[in-house]
Amino acid sequence: MKMTNELAAGFADKVVSAQATFRAVMDAMARPGTVQQLNAKLRHAPSPLMPAAAAIALTLFDHDTPIWLDAPLKATSAVTSWLRFHTAAPLTSDTADAAFALLSGVDQIPALDQFALGSNDYPDRSTTLVLQLSSFEAGDAFELQGPGINGRASLHAPLPAELIAQRAALQPLFPRGLDLILVAGDALVAIPRTTQIMPKGAV
Amino acid sequence: MNAPSYNFAYLDEQTKRMIRRAILKAIAIPGYQVPFASREMPMPYGWGTGGVQVTAAILGPSDVLKVIDQGSDDTTNAISIRKFFAKTAGVATTTRTDEASVIQTRHRIPEAPLHEGQVLVYQVPIPEPLRFLEPRETETRRMHALAEYGLMHVKLYEDIAKFGHIATAYAYPVKVAGRYVMDPSPTPKFDNPKMDNCPALQLFGAGREKRIYAVPPYTEVVSLDFEDHPFTRYRQNAPCALCGAEDSYLDEIVTDDKGGRMFVCSDTDYCETRRAEGHFGSANAPETERADV
Numbered sequence: 001m002k003m004t005n006e007l008a009a010g011f012a013d014k015v016v017s018a019q020a021t022f023r024a025v026m027d028a029m030a031r032p033g034t035v036q037q038l039n040a041k042l043r044h045a046p047s048p049l050m051p052a053a054a055a056i057a058l059t060l061f062d063h064d065t066p067i068w069l070d071a072p073l074k075a076t077s078a079v080t081s082w083l084r085f086h087t088a089a090p091l092t093s094d095t096a097d098a099a100f101a102l103l104s105g106v107d108q109i110p111a112l113d114q115f116a117l118g119s120n121d122y123p124d125r126s127t128t129l130v131l132q133l134s135s136f137e138a139g140d141a142f143e144l145q146g147p148g149i150n151g152r153a154s155l156h157a158p159l160p161a162e163l164i165a166q167r168a169a170l171q172p173l174f175p176r177g178l179d180l181i182l183v184a185g186d187a188l189v190a191i192p193r194t195t196q197i198m199p200k201g202a203v
Numbered sequence: 001m002n003a004p005s006y007n008f009a010y011l012d013e014q015t016k017r018m019i020r021r022a023i024l025k026a027i028a029i030p031g032y033q034v035p036f037a038s039r040e041m042p043m044p045y046g047w048g049t050g051g052v053q054v055t056a057a058i059l060g061p062s063d064v065l066k067v068i069d070q071g072s073d074d075t076t077n078a079i080s081i082r083k084f085f086a087k088t089a090g091v092a093t094t095t096r097t098d099e100a101s102v103i104q105t106r107h108r109i110p111e112a113p114l115h116e117g118q119v120l121v122y123q124v125p126i127p128e129p130l131r132f133l134e135p136r137e138t139e140t141r142r143m144h145a146l147a148e149y150g151l152m153h154v155k156l157y158e159d160i161a162k163f164g165h166i167a168t169a170y171a172y173p174v175k176v177a178g179r180y181v182m183d184p185s186p187t188p189k190f191d192n193p194k195m196d197n198c199p200a201l202q203l204f205g206a207g208r209e210k211r212i213y214a215v216p217p218y219t220e221v222v223s224l225d226f227e228d229h230p231f232t233r234y235r236q237n238a239p240c241a242l243c244g245a246e247d248s249y250l251d252e253i254v255t256d257d258k259g260g261r262m263f264v265c266s267d268t269d270y271c272e273t274r275r276a277e278g279h280f281g282s283a284n285a286p287e288t289e290r291a292d293v
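Sequences listed follow chains P and E, in order. Residue numbering for the first sequence follows this note's numbering, beginning at 1 and increasing consecutively. Residue numbering for the second sequence follows this note's numbering, beginning at 1 and increasing consecutively.
Derived from the structure by calculation, the hints contain no laboratory data. Keep in mind that a hint or two might mislead.
[What the hints assert, rightly or not] Stretch-level coverage of chain P by chain E, calculated; a stretch enters the list once three of its residues show a Cβ under 8 Å from a Cβ in chain E:
no., region
1, 6-20
2, 24-33
3, 62-72
Source: prediction; values computed, not measured. Using N, Cα and C, we set each Cβ at its ideal position, and we do this for glycine too.
All chains, please: the whole structure from these sequences, using the hints.
Here it is in structure tokens:
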């Protein structure tokens with residue numbers, strides 16, 4: 001039996017969808033913790049890539065941005081061939097070389113300090129992590145503080161404690177650091193390196 | 001409709017992706033100047049090519065665009081950039097500050113308070129606040145990396161030694177989120193306090209110098225000063241001759257060759273809104289030379 005391996009489509013309207021997706025990511029980055037709902041009209045994101053993660057890939061990835069994929073994504077040819085065809089981004093196996101890292105879930109996140117943190121001279125040369133979560137309703141409650149936030153913001157997300165601890169350990173390195181984009185289904189939340197994450201209720 | 005020969009908002013999609021990535025980094029590292037591959041635009045350097053590229057990268061079909069040049073909606077630079085985006089992106093344009101979702105500005109911050117969801121895009125000629133103190137890029141980059149800003153304080157101190165007060169009146173250096181010293185572009189220092197804890201996102205584009213930087217909403221922006229010489233705003237001590245405003249930044253208009261002059265709001269939308277509300281001024285209002293407010 002012959003399997004036809006058809007490539008899933010990209011954006012129906014490249015220009016408008018990329019702009020709408022970027023504005024959602026920009027608003028998310030400017031106001032950490034706010035949940036941005038995407039309406040990217042992306043009908044078939046190649047599983048296990050969530051629609052929001054796929055839309056971010058189509059919006060921000062290109063031949064200038066080496067992409068690192070975690071094992072479940074890397075093992076899925078539907079994902080790798082879709083990324084190669086639609087974004088032309090090179091895939092890298094070196095975390096420190098990646099402009100973006102796509103993480104299919106919280107189970108197999110490498111140590112955060114293995115990604116590019118930028119240098120003190122060029123802190124922008126860092127990896128942006130795109131991390132897929134189950135939802136922004138389940139999981140622990142967190143309070144966020146930092147630039148972009150009026151006082152405090154709250155966030156519900158199933159973020160592992162280990163990830164929060166590793167991220168907190170990177171914060172003294174500012175301006176070096178990692179920016180996170182969390183996605184769940186069609187929704188996304190950005191946590192730039194300046195944001196402090198505290199468990200809800202902690203002072 | 002879009003002009004058929006251009007992509008939406010003029011720039012090609014690859015350029016937009018590159019600029020968009022730079023904008024995201026700029027927001028994530030407030031005040032840090034992100035290098036970007038600035039393109040040639042159909043206008044000369046110095047006419048806002050940086051601001052135009054940032055606006056082109058963020059603009060969508062549902063945006064409402066306002067463009068001001070030194071506060072005014074109806075100067076050549078403002079009109080031509082507004083028409084440029086009306087033609088290449090087909091977006092709605094406005095002169096009303098509160099109706100705009102994206103405001104591109106040359107050297108002023110609107111008087112009306114900005115609100116959440118708005119984006120203020122600054123046109124920046126020289127993004128590096130230390131450039132006139134240290135011409136070498138390698139050195140200024142190092143100084144930013146080490147947060148070594150003593151030189152800037154020496155410059156402000158020399159102002160005091162020479163003039164008795166900090167004489168820097170525009171492009172007054174600020175510190176963003178307690179880390180990076182940033183050039184707010186050549187806005188009058190009157191506008192500096194508006195940048196602090198502003199609900200709107202502020203993006204800065206320098207086309208010739210190929211830098212993008214940003215101040216996220218609700219971010220601390222402090223004008224550099226000394227305990228014994230605190231930062232002060234400066235405003236001509238007169239009400240606006242047209243709308244009588246006592247709180248707006250004023251332009252001096254020379255009215256004849258006998259020393260006649262009048263002061264009017266630099267922000268034309270603010271002035272028009274006030275006049276529509278029934279406020280009026282007087283060309284003969286008293287004016288004194290200098291005032292710190």
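Results for each hint:
| no. | hint | verdict |
| --- | --- | --- |
| 1 | 6-20 | holds (count 6) |
| 2 | 24-33 | holds (count 6) |
| 3 | 62-72 | holds (count 3) |
Taken one by one, the earlier hints all hold for this structure without exception.
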